[in-house]
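**Student:** Here is how the chains run, residue by residue.
There are 6 protein chains.
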Amino acid sequence: MTHANAPSPSVGPARAGGPPSPPRSTLVVTAHAGDFVWRAGGAVALAACRGEKVTIACLTFGERGESAQAWRAGKTLKEIKAIRREEAERAADALGAEVRFYDAGDYPLLPTAELTDQLVAVYRETQPDVVLTHPAEDPYNGDHPAANRMAMEARVLAQAVGYPGPGEIIGAPPVFYFEPHQPEMSGFRPEVLLDITEVWDIKRKAMECLAAQQHLWAYYTDLAVRRGVQLKRNAGPNLGLAYDTMAEAFMRPFPQIAKELA
Amino acid sequence: MTHANAPSPSVGPARAGGPPSPPRSTLVVTAHAGDFVWRAGGAVALAACRGEKVTIACLTFGERGESAQAWRAGKTLKEIKAIRREEAERAADALGAEVRFYDAGDYPLLPTAELTDQLVAVYRETQPDVVLTHPAEDPYNGDHPAANRMAMEARVLAQAVGYPGPGEIIGAPPVFYFEPHQPEMSGFRPEVLLDITEVWDIKRKAMECLAAQQHLWAYYTDLAVRRGVQLKRNAGPNLGLAYDTMAEAFMRPFPQIAKELA
Amino acid sequence: MTHANAPSPSVGPARAGGPPSPPRSTLVVTAHAGDFVWRAGGAVALAACRGEKVTIACLTFGERGESAQAWRAGKTLKEIKAIRREEAERAADALGAEVRFYDAGDYPLLPTAELTDQLVAVYRETQPDVVLTHPAEDPYNGDHPAANRMAMEARVLAQAVGYPGPGEIIGAPPVFYFEPHQPEMSGFRPEVLLDITEVWDIKRKAMECLAAQQHLWAYYTDLAVRRGVQLKRNAGPNLGLAYDTMAEAFMRPFPQIAKELA
Amino acid sequence: MTHANAPSPSVGPARAGGPPSPPRSTLVVTAHAGDFVWRAGGAVALAACRGEKVTIACLTFGERGESAQAWRAGKTLKEIKAIRREEAERAADALGAEVRFYDAGDYPLLPTAELTDQLVAVYRETQPDVVLTHPAEDPYNGDHPAANRMAMEARVLAQAVGYPGPGEIIGAPPVFYFEPHQPEMSGFRPEVLLDITEVWDIKRKAMECLAAQQHLWAYYTDLAVRRGVQLKRNAGPNLGLAYDTMAEAFMRPFPQIAKELA
Amino acid sequence: MTHANAPSPSVGPARAGGPPSPPRSTLVVTAHAGDFVWRAGGAVALAACRGEKVTIACLTFGERGESAQAWRAGKTLKEIKAIRREEAERAADALGAEVRFYDAGDYPLLPTAELTDQLVAVYRETQPDVVLTHPAEDPYNGDHPAANRMAMEARVLAQAVGYPGPGEIIGAPPVFYFEPHQPEMSGFRPEVLLDITEVWDIKRKAMECLAAQQHLWAYYTDLAVRRGVQLKRNAGPNLGLAYDTMAEAFMRPFPQIAKELA
Amino acid sequence: MTHANAPSPSVGPARAGGPPSPPRSTLVVTAHAGDFVWRAGGAVALAACRGEKVTIACLTFGERGESAQAWRAGKTLKEIKAIRREEAERAADALGAEVRFYDAGDYPLLPTAELTDQLVAVYRETQPDVVLTHPAEDPYNGDHPAANRMAMEARVLAQAVGYPGPGEIIGAPPVFYFEPHQPEMSGFRPEVLLDITEVWDIKRKAMECLAAQQHLWAYYTDLAVRRGVQLKRNAGPNLGLAYDTMAEAFMRPFPQIAKELA
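Protein chains in written order, with UniProt numbering: chain A, 1 to 262; chain B, 1 to 262; chain C, 1 to 262; chain D, 1 to 262; chain E, 1 to 262; chain F, 1 to 262.
Careful: at least some of the hints might be erroneous.
Same chains, same names: a pair is fine if it fits in one copy or spans any two.
[Unchecked claim] Below are the DSS-like pairs computed for lysine-lysine, each with C-alpha atoms no more than 30 angstroms apart in a straight line: (1) LYS205 / LYS259; (2) LYS53 / LYS75; (3) LYS53 / LYS259.
None of these hints come from the bench; they were simulated from the model.
One chain only, chain A, in its complex shape:
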C-alpha cells in the first residue's frame, strides 16, 4: 500500500539518542465497524504513515444499530455482518491499520468480564503507546459508553502484575476520546485538535470504503473543515481568511505528561 499524499513512513523513531525502539503502537477500541473511520481515521492514518503499528479492536459489526439501509433492503443478520466486516477491513487497509472483530453483539453491547478480559489480552499483546476510544457519554447510542467502559477498565487491569493472563503488563498509555456524533450533548470538549491535513486524502478514501453510508462522506468532510478552522483560530490571529486545514478533535481523560509546555 502506498500513500501518494502522505509523509514518508519512518522506521522506529529513535528516542533520546538511544538505539531504535520498536515502532510505536496505537490501540483503537470501538463499538461498531465504522467508528474508527469517521471519528479517528486521520489519527490512524497519521500514525500508520509514521511507520507505527495501529490495531483496531471492533467489539461489534454495528449489525443492528448502524445498518438501517441493509435491514430495509432485506439482508439477513449474517449478510449484514459480512458486509460490515468487509467494508471495515478495506477501510482499515486504506488507513494502514489492522482491524480485529470480537462479534460481541450490538444494540445493546453488553459489558462482560469475558470481553473485558479479551481486551486486557490485546493491551498486553500490542503494548500501546496511545489508546483511542469512545467518550464516556453518548445519549444517542449506549454502545459507545459500553465500549468506553470496557476499554478503560481493561487498560487499568492490564497494568496490574496480579491480573492473570498472557503477556507483559503495560504502562499507563495516554487515552484520547474521539468525537461523538453530537458532541455538545455528550459532554465532549475538544481538548486536542489534531492536524490531519496531510493524510486527509487517505481518510477520505477510507470513508469511501463505507459505501452504504455515502451521506456521511460529506458530513465528516465538513466536520474536518470545521475542526480545522478551530485549530487555526487556536493557533493564530483572526485574519479574516479561509483556511484549508483539516482536523480531528479529541478529549484527554488523563493529564498530559510533558517535558515542555507547548
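Use these hints to put chains B, C, D, E and F onto chain A, whose structure you have.
**Tutor:** This is chains B, C, D, E and F only, laid out in the frame that chain A set:
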C-alpha cells in the same frame, strides 16, 4: 421586500380565539455588526416572515475586532464603521428586520450603566416576546459575554416598576442564546434546534451582504446542515439517509413555559 | 369518565391542514406504583383531557421501598402488591390513563436485558409522541435511575430496524424527566414549567387515591404552588402579588425541536 | 423582647472548659431590606436565642427592585425607603438582631471599592464567627450576586494585616449562602439543612413585619416545611410519616472545619 | 490498647441531658485492605479514642491490584491474601477498630446483589451513626467506585422495612467520602477538613503496619501536612507562618444536618 | 549565570528544517511578586535552560496581601515593596528570566483598561509562544482571578490588527494556568503534568530567594513530589515503588494543537 421562498407573512397572529393581538416582537442584542446574521439569521427571518417585528440592537460595529481585512487594506476607523454599518443594514433588510447601532466601541466592549440603561429603554419600547443574545461565555471574544451581561441585566431592570425611564415595564420574555463560534469551548449545548429550512435562502442572501467575510458563507452553511442533521436525529429514527433540513441551535437560560409537553 | 374542571377533549389534533392524525400518544415509564401521580399527574391529565392516549409502564409496585406503613402494619408482600396495584389503577383512571405493571421487584430494581426488551415492545406498540420518566440521578432511591436507564436504552433500541421484535420502529420522541423528591441533590433543574392549573383538581383527586401516603397530599400541593410561582416569575414581571397558578417541572435530556422560538 | 417559644438565651458560651469567651458574632450581608428575613430568619433567631450577637448589613432598601406594590401605589422613592427601613428594623428586632443600612442604591446594586471598604470595616468591628450572604449566582436578580461579591471580597481583605483601616484583622470565618428564590436556576444545592423548628414562631413573626409582601408569608412557610421534610429524610429512615420539622437550607463555599465527623 | 498521645476515651457520650446512649458507631466500607489506613486512619482513630465503635468492611484484600511488590517477589495468591490480611488487622488494631474481610475478589471488584446484601446486614448490625467510603469516581481504580456503589446502595436498602433480612432498619447516617489518590481527577473537593493532629501518631503507627508500602508513609504524611495547612487557612488569617496541624479531607454526598451554623 | 544541574541551553531551536527561528518566548502574567516562583518556577527554568526568553509581568508586589510578616514587623509600605521587588528579582535571575513590575496595587488588584492595555503592549513586544498565568477562580485571593482576566483579555486584544498600539499583532499562543494554593476549591484539574526534575535544584534556589516565606519552601517541595508521583502514575504501571520525579501541574483553557497524539 418580497421573499420568494418564504412562507406568507401573517398579520398579527390571533391567539386563543380573541381579537388580533399586536404583532409579536423579537429583540436581538449583539456585540458586533455581523453577529445577528451568522448566528440568528434564520430565527430573525422566520419571525419576520410571520409578520412579526424584529429589532436588532448592535452595540458596536465590530470595527476593531472583526474587521481584520479592512484594517489590512488600510481603511480608517471611520471608513470601517461605515462599511460595517452599511453591510449590516442591507443584511437586516434582507431578513426583514430593523437594526440600530449604539457605537459603544469594541475590543473591548466595556459594560457601563449608561449603555445598560439605553438597553432598558429599548426593552420597554419594543416590549419583546422573545429575546436573542450571545451566551454568557466565550473565551475567544470578550465582547460577546459583555453584550450578554448588559442584555440580561437590562431585561431584569426593565421589569421593575421602580426603575426609572420612559415606557411601560415589560414581562419576563424568554431568552435564547445563539451559537458561538466554538460552541464546546463556550459551554454551549444545543437546547433548542430551530428548523430554518423554509427561510434558508433568505439567510443565505443576508450572509452574502457581508461581502468582506466571504469565507464564512460556506462555514455557516455547513453549520446549518450539521444542526439540521442533529434536528432530524432528535426527531426521528436513524434511517441511514441524508437530510436537507437546515437548522440553528440555541440555549435557554430560563425554563420554558409550556401549556403542553412536546 | 368526565372531568368537570378540565378543557374539552379534542379528537385527534389535525396538523398542518392535513387529515386528522391518530391521537397523540404519551408513554410514562416509572419505577414504582405512585410515581406517576406525584410527579407527572398534571402532565398526564393534560394529555388525557386533550383526548390523547397515555400509557404508564410501572416497573414495580414499590412494594418494598415505598410501603413502609403497610409493612409496619403487618401486611404480607402479596397483600402490599395488591394494595399498591389497586391504588395506582384508581389513580390512573382518575387521570384518564392506562397503567401496566411489570412486577420486576423493587429495592433494588435491577436493570435486565429482558425487562428492557419488554419496554422496547411497549415503545413500538404505543408509538409515543412524548416520553416521561425519572431523571438519571437520585441518591435517595436507586430504583429511579435504574428505571431511567432502561427507559432511555429501550427508546434507542426501539428506533433501530435491526433490533428484533414485533411492531414498527419508532421515531425519536422527546423525553421529559419529572421532578425527584430532592431536586437539587439529584442534579434536577426545571427546564420546562408546565401549567397544570386547569387540571389541578384532577391531579388532586388522583393523589387522594393513594390513601396510605396522605402526608404527601399537602406536600405535592405545595410543590405545585411553588412551581406555579416560578412559572409566573419566568413569564412576567414581579408585581409583588400572589399567584394561583399550579405547575409541574421537567428536564429535557435532548434538545427541543422547534418551528418557532417562544 | 421575649420569645415565648424560644430556647433560653445563654450568655457567652464557654468553650472547652476555659473562661467564658465573648459571645459569638454572626454577620449577615444582604442586598435588600427583606432578604435576611425570608432567607435566614431562622438562622438569625437561633443565634440570637443562644445569646449571640447578630449584625445585618443591608446594602440597599430594595427600593426599586423589590417594592413593586409601593411604586404602583404612588409612593415616592423617599417614602419607599422609609417604609422598607422601618419594616426591616421591626423584623430585625423580632429576630433579636441589629440591622444597618448602607443605602447604596439597588437595581442595579453596583459593586464599588468604597462600599467594599465599608464592609471590611464591619468585618473588623464585628469579628464574625459566622458569615451569611447571598449565593454567587442568581439570574433573576443581579443585586444578589453583587452583594455576594462584595461580601466575599471584603472578608478576604479584612484578613490582611496590610489592608488599611481601623480594627483588628479577622480570622477566616465560615460562610453560608442562603437560599435564593429559584434555587435550581441559581446553582444552589442544600449543603446544610438547619433545624429552625424551635424558633419558627419567631421567624414567622418577623416575616409578618413585612406587611407589603403578605403573599410571601405562606410561600416561605411552605419552603420551611419542605426543607424540614428533606432534613428528616437526610437524618432518618423513610417511615411514610408526616413531619413537623421546619428548616432552612444553606451552601458552604469553603470546607467545613471539623473536630469530629457527624 | 493504650494511646499515649491520644485524648482520653469517653464512654457513651450523653446527649441532651438524657441517659447515656450506646456508644456511637462508625462503619467504613472499603475496596482494599490498606484503604482505611491511608485515607481515613485519622478519622477512625479519633472515633476510637472517643470510645466509639468502628467497624471496617474490607471487600477485598487488594490482592491483585495493590500488591505489585508481592507478585514480583513470587508470592502466591493465597500468600498475598494472608499478608494483606495480617497487615490490615494489625493496622486496625493500632487504630482501635475492628476489620472484617469479604474476600470478594479485586481487579475487578464486581458489584453483586449478594455482596450488597451482606453489606445491608452489616449496616443493620452496626447501626452506624457515620459511614465512610470511597468517592463515586476514580479513573485510576475501578474497584473504588464499585465499593462506593455497593456501600451507598446498601445504606438505602437497609433503611427500608420492606427489605428482608435480620436486624433493625437503620436511619439515614451521614456519609463521608475519603480522599482518592488523585483527587482533582476524581471530582474530589475537600468539603470537610478533619483535624487529626491529636491522633497523628496513632495513624502513623498504623501506616507503618503496612510494611510493603513503605514509600507511602512519607507520601501520606505530606498529604496530612498539606490538608492541615488548608484547614488553618480556612479557619484563620494568613499570618505567613508555618503550621503543625495534620488533617484529612472528606466529601459529603448528602446535606449536613445542623442545629447551629458553625 | 550558570546552572550546574541543568541541561545545556540551546540557541534558537531550528524548526521543520528551515533557518534558525528566533528563540521561543514565554510570557508569565502574575498578580504578586512571588507567584511565578512557587507556581511556575520549574516551567520558567526549563524554558530558560533551553535558551528561550522568559518575561514575567508582575502586576503588583503583593505588598498588602502577601507580606503579613513584614507588616507585623513594622515595615512601611515603601519598604515592603522594595523588599518584595528585590527578592523577586533575585529569584527571576536564579531562574534565568526577566521580571517587570507594574505596581498596580494589590488587595484588591482592580482590573482597568489602562493596565490591560499595558499588557497588550507586552504581548506584542514579547510575541510569546507560550503564556502562563493564574487560573480563573480562586476564592481565597481575588487578585489571582483579576490577573487572569486581564491576561486573557489582553491576549485576545493583542491579536487584533484593529486594536491600536505599537508592535506587531500576535498569534494565539497556548495558555497554561498554574496551580493555585487550594486547587480543588478553585476548580483546578491537572491537565498537564510537567516534568521539572532536571531543573528542580534551580527552582529550589529561586524559592530560597524568598526569605520571608521560608515555611513555603518545604510546602512547595512536597507539592512537586506529589505531582511527580502523579506524573509517574499517569505514565506507567503501579509498581509499588517510590519515585524521585518532581513535577508542576497546569491547566489548558484552550485546546492543544497537535501534529501527533502522544
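**Student:** Hint by hint, note whether the structure agrees.
**Tutor:** Checked hints:
{"no.": "1", "hint": "LYS205 / LYS259", "result": "between (36 angstroms within a copy, 21 angstroms between copies)"}
{"no.": "2", "hint": "LYS53 / LYS75", "result": "neither (35 angstroms within a copy, 35 angstroms between copies)"}
{"no.": "3", "hint": "LYS53 / LYS259", "result": "both (24 angstroms within a copy, 17 angstroms between copies)"}
In the structure shown, a violation is registered for the earlier hint numbered 2 alone.
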